[in-house]
Amino acid sequence: MEGLLAGDDDAVRALYARYGRPIYSLGYRLLGTRESAEELTQDVFLTAWRKAARFDPTRGRLSTWLMTIAHNLAVDRLRRETGVSRPTLVLVDEVPDAPGLDEEAVLIERDAALRALSSLTEAERRLVGRAYFRGMTAREIAETDGIPLGTVKTRLRSAMIKVRKANEGKELL
Amino acid sequence: MTCTAVRDRLTEHALGGLSARDATTVDRHLMWCAACRKEAGELERASATLAFAVAPNDPPEALEGRVVEAVRHAVADPSRRHTPNPRRSRLTLVAALAAMLAVLGTGWGAVMANRAARSDQAAQREAIRTQSALERWRTMVRSLEFGDPANEVLLGTLNPGNIAGGGGSALTLVSPTIADMAIVLVEGVPDELREHLPLTVRLRGPEGALMVGRIDSDGLDDSGAGTVTREFGDLSGYDTVIVRDVGGRVVLHGSMQTRATVTSPSP
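From first to last, the protein sequence lines stand for chains A and B.
One point on numbering: in numbering that gives the first Met the number 0, the residue at position 51 of the first sequence is 50, and numbering is uninterrupted.
One point on numbering: in numbering that gives the first Met the number 0, the residue at position 241 of the second sequence is 240, and numbering is uninterrupted.
There are no misleading hints in this set.
Cross-link-like lysine-lysine pairs, in silico, DSBU-like; alpha carbons within 30 Å at most:
| # | chain 1 | residue 1 | chain 2 | residue 2 |
| --- | --- | --- | --- | --- |
| 1 | A | Lys-164 | A | Lys-152 |
| 2 | B | Lys-37 | A | Lys-164 |
| 3 | B | Lys-37 | A | Lys-161 |
Hints in this document: simulated from the structure, not taken from any laboratory.
Build out the structure end to end from the sequences listed, making use of the hints.
What follows is the structure, given as structure tokens:
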């Protein structure tokens with residue numbers, strides 16, 4: 000992180016090698032176009048550089064921090080772009096066959112993600128997907144489905160606790 | 000916001016589903032509440048886990064070079080640096096000290112003294128608040144002197160808006176190591192405005208406006224001076240202060256900038 004703070008090329012390249020692809024993939028899935036995903040990826044690394052001094056490894060993992068930045072920026076952008084239809088949700092595709100060394104760590108994260116999703120019911124997966132991957136608020140979901148806001152919040156919370164517990168005790172990167 | 004209200008929002012906070020205003024309120028609570036912060040951290044980890052569930056897509060090869068170049072360009076551009084250079088840090092320290100002396104020596108001190116005189120009970124409350132405020136200033140100055148050189152202090156003078164009269168000063172601290180802070184002091188608020196309280200003080204920045212606080216009739220002393228202060232998660236880029244009356248009219252406004260001098264509030 001010190002390297003990132005200083006804008007060191009090698010540090011930025013190392014961070015990109017590990018997280019560039021998942022950030023780009025998340026951007027592509029949320030925003031729907033390669034151009035938007037590329038812009039988002041650049042914005043994420045710029046934001047990470049700007050906030051690098053605030054990253055506290057004792058309070059969370061680097062991957063959590065970076066993907067939170069990526070998701071927040073993507074959702075902000077989704078909401079700004081009114082009138083643009085939200086991309087179709089696709090949660091899981093096939094995992095590439097031959098990962099490179101840099102990708103192995105990310106695949107561990109992906110395994111954890113798939114394990115977490117498999118712990119959810121189909122209804123919970125759909126609910127979490129609409130909130131996380133389509134940027135829908137609990138209120139929007141409640142209005143769309145015609146169910147009470149409190150019910151949506153309770154179900155979302157329950158699903159997120161399942162996701163959290165699916166990898167409990169499994170220290171990742 | 001209470002812990003119960005915050006926890007009701009933590010799932011949506013982790014999923015990015017809160018409004019900017021609600022998210023800021025939750026972030027502010029998380030700065031001092033370790034229990035809620037722990038739960039928020041766990042939900043954020045769960046949320047980040049989901050990010051890795053998307054199907055991998057290969058970015059174009061040229062993107063890596065563009066990312067590296069973008070960061071390199073930002074590092075070289077002083078206006079985009081979050082961390083000021085050493086000379087700038089020294090200037091901001093001088094500015095912060097000047098502001099601190101001005102506020103504590105005249106405006107803020109007078110506000111506190113007048114308010115404290117109203118009753119013994121109020122005096123005790125005000126003494127605690129004054130002590131707390133002083134401690135925050137000391138923490139800030141200690142940080143500026145000995146802490147992270149990345150701290151940045153912005154100062155500004157408030158000028159009258161649609162209503163004639165009044166003025167003030169404002170200070171924001173943007174720090175990577177301690178909570179960001181905004182302090183806004185208004186003074187000389189005309190008597191006719193007392194019918195249009197509370198005054199609402201906001202900072203405007205890249206993601207809209209952040210509420211710093213409200214000043215009601217109890218918050219204004221006889222000379223028309225009052226102070227609001229609040230901590231924030233990130234005040235980067237929030238460089239404009241807008242003070243409105245209850246009818247939404249702009250009473251005072253001002254732009255913040257890094258500089259070595261600040262207009263001293265009148266006694």
